[in-house]
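Engineer: Sequence:
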Amino acid sequence: MDKREFIEKLCQKLTGLPFLETEERVNFYREMIDDRIEEGLTEEEAVAEVGMPEDIAAQIIAEYKAAKEEPVGDEENTKTIEEHRTPAEQSTEKAEYTKRKLAPWEIVLLVLGAPVWLSLLLAAFAVAISLYAAAWSIIISLWASAVAAAGTAVGAVISGIRFACIGNFAEGLCMLGGALICVGLSILLFLLSHYASRNAVLLTKKCALTVKEKIAKRRLK
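For the sequence shown, our numbering gives the first residue as 114, with consecutive numbering after it.
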């Protein structure tokens, strides 16, 4: 089941609820699926991780009915609503932290230690960028070597045919043999370059998502 089918089924199951209530709940799960897709999952995997639309709709309707039957603000009603919340909503709410202000002594420590931790942070950032650039330079070198090997193979074939045409069959065979070696080497280098590039892109995406999650968690604290 992809994202569109999930949203359509969820909307169908929530037909009896008010429009605004339905829209709010559907948007919540739409964003949840999008977040999981950004983390690297496919649409089908993200939908499967969120849950079945029938079960989610049943829990949402039960929660809505419980909220309508008892007055808002009652402690027992609050517990009832919490019990009927879907697991995804409960985990999202638990992930929200109350923002707090820094204590004066924490601010003083941050200011006094700035020359140390800031220089260390910049050094770590520079090292990370250097390693990243070095990795990509190796990958670019692999691609260049693959292209060079392919070009050499083409040139060797042309030279081999030329030698054969003028009667130098031994030289021609040597050039054709060298061309075959270059073809095999270029194929190997192309496969290796493709594998390295794909993993480098995946690693870059994973690191970016990790940094994004860390920043989001820091903002919530």
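Fair warning: there could be bad hints in the mix.
When the alpha-carbon atoms are kept at most 25 Å apart in a straight line, the in silico PhoX-like pairs for lysine-lysine are as follows [what the hints assert, rightly or not]:
| # | residue 1 | residue 2 |
| --- | --- | --- |
| 1 | Lys178 | Lys126 |
| 2 | Lys178 | Lys122 |
| 3 | Lys181 | Lys122 |
| 4 | Lys318 | Lys116 |
| 5 | Lys318 | Lys181 |
| 6 | Lys181 | Lys116 |
| 7 | Lys126 | Lys116 |
| 8 | Lys122 | Lys325 |
Quick caveat, the hints were computed from the structure, so don't treat them as lab data.
Quick caveat: nothing in here was measured; it's all calculated off a predicted structure.
Engineer: Kindly indicate which numbered hints from before are broken by the structure, ordering the numbers from low to high.
Structural biologist: Going through the list in order, the structure violates hints 5, 6 and 8 and respects the others.
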